[in-house]
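Undergrad: Heads up: the protein sequence lines correspond to chains A and B, in order.
Per UniProt numbering, residue 1 is the first one in the first sequence, and the count goes up by one each step.
Per UniProt numbering, residue 1 is the first one in the second sequence, and the count goes up by one each step.
FYI, nobody ran anything at the bench for these hints, they're computed from the structure.
Just so it is clear, the structure is predicted and the values come from calculations on it, not from any experiment.
Be a bit skeptical, because a hint or two may be false.
Since the list can't tell identical chains apart, any single copy or any two copies may satisfy a pair.
Said to hold, decoys possible - Below, simulated DSS-like cross-link-like pairs (lysine-lysine); rule was C-alpha separation at most 30 angstroms, straight line: (1) K99 - K45; (2) K54 - K99; (3) K45 - K122; (4) K69 - K99; (5) K54 - K69; (6) K36 - K122.
2 protein chains.
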Amino acid sequence: MTEIETMSKAEWQVMRIIWTLGQATSKEVIDILERKTDWKSATIKTLIVRLQKKNFLKAEETKRPYVYKPLIDEDMAIHQSVNNLFDNLCCMRKGQAIKDLVQNSEISQSDISDIVEALNVKAKTAPEEVECNCLEANLI
Amino acid sequence: MTEIETMSKAEWQVMRIIWTLGQATSKEVIDILERKTDWKSATIKTLIVRLQKKNFLKAEETKRPYVYKPLIDEDMAIHQSVNNLFDNLCCMRKGQAIKDLVQNSEISQSDISDIVEALNVKAKTAPEEVECNCLEANLI
DNA sequence: ATTCTTAGTTTACAACCGTAAACAAAATGT
DNA sequence: ACATTTTGTTTACGGTTGTAAACTAAGAAT
Chain A
1 MTEIETMSKA EWQVMRIIWT LGQATSKEVI DILERKTDWK SATIKTLIVR
51 LQKKNFLKAE ETKRPYVYKP LIDEDMAIHQ SVNNLFDNLC CMRKGQAIKD
101 LVQNSEISQS DISDIVEALN VKAKTAPEEV ECNCLEANLI
Chain B
1 MTEIETMSKA EWQVMRIIWT LGQATSKEVI DILERKTDWK SATIKTLIVR
51 LQKKNFLKAE ETKRPYVYKP LIDEDMAIHQ SVNNLFDNLC CMRKGQAIKD
101 LVQNSEISQS DISDIVEALN VKAKTAPEEV ECNCLEANLI
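Please build the complete structure, drawing on both the sequences and the hints.
TA: Below, the structure is given as structure tokens:
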């Protein structure tokens, strides 16, 4: 049961920048986040340190300023986070939660097609009803 | 900017039981969670207290044992949690995150139809591409 | 070489969370 | 009425998170 390291809300903001740029110096991250948020540079430095401790980032320390690179793939991080949250939910309600997300998210035409396709596949084996197991003794 | 109270993973387990039962005494919650988890009853009591402080639960204190009732609707809680998490994500990747969820969740036939319907509606106004704004100065 | 600046490291502190024991008050059994 | 059990309240403690200042080491400017 190796505990999964989770990313806090603030840490997500840092990772998004580094994922988007591919790699970044602390100055780049700080400049961008000082425009996006009201965080002080010290705060952002702390977040970078914590992300290194959690093995989400590593510093290329051959020369300064260090270049920070992601150690986890963005899609993998999203997969873990989202599924981790869905694990909290009543099985019966996940379908409606997904519908709610569809309605509240901006999604491209091609992603819409992809999701519809995934739903078509799903429909071939999907049950008529999903049972609630909120009271059952399934170990969490 | 009134801070939204969030529910921790452990607190979710308590809420799910009370939502499913409609209301419950601490004994009911404790009995169920002692079968589902290895938490001690003291732990579960603490969670109930914290959920009251966060206004997710209230105790009917007219007679003992108290009866605990949800102060927040389960669907509303799910909506808030899920959208709160999606706020962390790069806009460009939300579509694929939803597809991933579809593939990894058990969903009923009728929920599948509902989601497809929502996607059809969405497709009428969906953009060809969604722009990434991870580096932009939108206040979080 | 000495000073200024930038970037990385250490320390800080309150709130929240997982986890639970200890304590107190009410209800129940005898 | 008194002992026992149940249930609610208080206190605890280490780890995480938001938030940041202070300190230090390395580069850059003079």
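Undergrad: I'd like to know which numbered hints this structure contradicts. Please list them from smallest to largest.
TA: Those not satisfied are hints 1, 3.
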